[in-house]
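Visitor: Here is what each chain is made of, one letter per residue.
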Amino acid sequence: MSSHQDPSAPLQGAPSKNTERKLKNETRTQLISFILMIFITSMAFISIGSDAVPNGFAIPFILMLAGVQVVLQLYFFMHMNEKGTGWINVMIWSGLFVAALTVGALMFLIGEVKY
Amino acid sequence: MADHQAVEKQTLPPNPEKATLDGRNKYLGFWFFLGGETVLFGSLFGTYLGLRGGVVDGPGPADLFHLDLVFIMTMILLTSSLTSVFAVINMKRGNYKGLLMWMWATVALGIAFLGFEIYEFYEYYHAGLGFTTSAFASSFYTLVGTHGAHVAFGVAWITVLLIRYRNTGLTLTNAPKFNTAVLYWHFIDVVWVFIFTVVYLLGIGG
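One line per chain: the protein sequences are C and Y, in this order. Numbered per the working numbering, the first sequence spans residues 1 to 115. Numbered per the working numbering, the second sequence spans residues 1 to 206.
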């Protein structure tokens, strides 16, 4: 690789055999996680939509499904499972941590004061 | 050097979006931004969850929400996440046409989603849920509306990229830009997962 790269030059050439194989695997992984997400979403809708499932079970169940789906999105669709994503994991998890505290605190405070 | 044209061709690296320092910085910086966005939506969710019982005389969640409409919107957004994944895979293959095509598909699905959301808000407004009707109404419109504004911004962002780079081919400059826009798009989908669960399903189920 030359030390100077013109970033506006069109990229030429095909990916290496290794990259091509990796991309094929990735396509399959992504398709599987997409089908899983569709399945999870449908489960969540069915458990609320049908009368057969009691709400006492359905509510924790759909919250858990949401958690699973978000992890699938972050780690597969957004590639947080790859190497060299340490800082990225730190940022998003601290964001989620502060968000969870905020949700809990706001629910508690507003619930105490009751508008 | 206004008429300078790139003459030296570059070969395709395995990860064109992270091949330059500029690209790696964009990638890292954008995740910092997403961490902050998480907290923004966290505060809106907390407010909604605290206030959702305050319906006063207006309609409540169970009177308004329709599972079928929300299900369609969820599927549209999920599919648009997949099309943007395909766009990035085509980018790594060096298939610029494929990248553009899948990104346009993402834009089309995003517009369809926005159409449904506008229809939804229009229906709720006519069912008697104005922005100031109740605490539930204000917090609902703020939370779901902020998400909708993100979708609209994402659609505009990707459209601008697609028009700007319609015939440049894949370069080390635009690869990180497309990649960043796709990350933003996935984040919008992540937020929607919580919205359909916490707002719509919990609104109907309990």
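Simulated from the structure, these hints should not be mistaken for laboratory data. Remember, predicted model here, so these are calculated numbers, not experimental data. Just so you know, even glycine gets a beta-carbon here, dropped at the ideal spot from N, CA and C. Errors might be hidden in some of the hints.
If you want the ones that stay clear, here's a sample from chain Y, every Cβ over 10 Å from chain C, calculated [to be verified]:
| hint | residue |
| --- | --- |
| 1 | Pro13 |
| 2 | Asp22 |
| 3 | Gly36 |
| 4 | Glu37 |
| 5 | Gly60 |
| 6 | Val144 |
| 7 | His150 |
| 8 | Leu161 |
| 9 | Leu172 |
| 10 | Phe187 |
Calculated lysine to aspartate or glutamate pairs in the EDC-like style (CA-CA distance at most 20 Å, straight line) [stated by the list, open to error]:
| hint | chain 1 | residue 1 | chain 2 | residue 2 |
| --- | --- | --- | --- | --- |
| 11 | Y | Lys18 | C | Glu112 |
| 12 | C | Lys22 | C | Glu82 |
| 13 | C | Lys83 | C | Glu20 |
| 14 | C | Lys24 | C | Glu82 |
| 15 | Y | Lys177 | C | Glu112 |
| 16 | Y | Lys26 | Y | Glu37 |
| 17 | Y | Lys18 | C | Glu82 |
| 18 | Y | Lys26 | C | Glu20 |
| 19 | Y | Lys18 | C | Glu20 |
| 20 | Y | Lys18 | C | Asp51 |
| 21 | Y | Lys177 | Y | Glu37 |
| 22 | Y | Lys97 | C | Glu20 |
| 23 | C | Lys83 | Y | Glu37 |
| 24 | Y | Lys177 | Y | Asp22 |
| 25 | C | Lys83 | C | Glu26 |
| 26 | Y | Lys26 | C | Glu82 |
Visitor: State for each hint whether it applies.
Guide: Going through the hints against the structure:
1. With a least CB separation of 8 Å from chain C, Pro13 (chain Y) falls inside the 10 Å interface cut-off, contrary to its annotation.
2. With a cut of 10 Å on Cβ distances, Asp22 (chain Y) falls inside the contact zone with chain C, its closest approach being about 7 Å.
3. Residue-level check failed: Gly36 (chain Y) sits 7 Å from the nearest beta carbon of chain C, not beyond 10 Å.
4. Not every CB of chain C lies more than 10 Å from the CB of Glu37 (chain Y), the least distance being 7 Å, so the non-interface label is violated.
5. Consistency note on Gly60 (chain Y): stated as away from chain C, and its beta-carbon is indeed over 10 Å from all of that chain's, at 15 Å minimum.
6. Listed as a non-interface residue, Val144 (chain Y) keeps its Cβ farther than 10 Å from every Cβ of chain C; the least gap is roughly 16 Å.
7. Every CB of chain C is more than 10 Å from the CB of His150 (chain Y) (nearest about 15 Å), matching its label as outside the interface.
8. Every CB of chain C lies more than 10 Å from the CB of Leu161 (chain Y), the least distance being 15 Å, so the non-interface label holds.
9. Once the 10 Å rule is applied to beta carbons, Leu172 (chain Y) is inconsistent with being away from chain C; the minimum gap is 4 Å.
10. For Phe187 (chain Y), the shortest C-beta to C-beta distance to chain C comes to about 8 Å, within the 10 Å cut-off, and the non-interface label is violated.
11. Restraint check for Lys18 (chain Y) and Glu112 (chain C): the C-alpha separation of about 49 Å exceeds 20 Å, so the hint is violated.
12. Straight-line distance between C-alpha atoms of Lys22 (chain C) and Glu82 (chain C) comes to about 12 Å, which keeps the hinted pair within the 20 Å bound.
13. Pair hint Lys83 (chain C) plus Glu20 (chain C) holds up; C-alpha atoms about 18 Å apart against a cutoff of 20 Å.
14. Taking the CA atoms of Lys24 (chain C) and Glu82 (chain C), the gap is about 16 Å. The hint holds against a cut of 20 Å.
15. For the proposed pair Lys177 (chain Y) and Glu112 (chain C), the alpha carbon gap of about 46 Å is over 20 Å, so the pair is violated.
16. Between Lys26 (chain Y) and Glu37 (chain Y), the direct Cα distance comes to roughly 16 Å. Compliance with the 20 Å bound is thereby established for this hinted pair.
17. Between Lys18 (chain Y) and Glu82 (chain C) the CA atoms are separated by roughly 13 Å; this keeps the pair inside 20 Å, and the hint holds.
18. At most 20 Å may separate the alpha-carbon atoms for a hinted pair to count; Lys26 (chain Y) and Glu20 (chain C) exceed this at roughly 25 Å.
19. At roughly 17 Å between alpha-carbon atoms, Lys18 (chain Y) and Glu20 (chain C) fall within 20 Å of each other, so this suggested pair holds.
20. Between the alpha carbons of Lys18 (chain Y) and Asp51 (chain C) the distance comes to roughly 50 Å, so the proposed pair goes past 20 Å and is violated.
21. Our distance criterion of 20 Å between C-alpha atoms is met by Lys177 (chain Y) and Glu37 (chain Y), whose separation comes to about 19 Å.
22. Among the hinted pairs, Lys97 (chain Y) with Glu20 (chain C) is consistent with the structure: their alpha-carbon atoms are about 17 Å apart, no more than 20 Å.
23. As the CA atoms of Lys83 (chain C) and Glu37 (chain Y) are separated by approximately 24 Å, the hinted pair breaks the 20 Å bound.
24. Restraint check: the Cα-Cα separation between Lys177 (chain Y) and Asp22 (chain Y) comes to about 10 Å, which is no more than 20 Å; the hinted pair holds.
25. Between Lys83 (chain C) and Glu26 (chain C), the direct Cα distance comes to roughly 15 Å. Compliance with the 20 Å bound is thereby established for this hinted pair.
26. A threshold of 20 Å between alpha carbons decides the hint, and for Lys26 (chain Y) with Glu82 (chain C) the separation of about 17 Å falls inside it, so the pair holds.
Going through the hint list in order, the structure does not satisfy hints 1, 2, 3, 4, 9, 10, 11, 15, 18, 20, 23.
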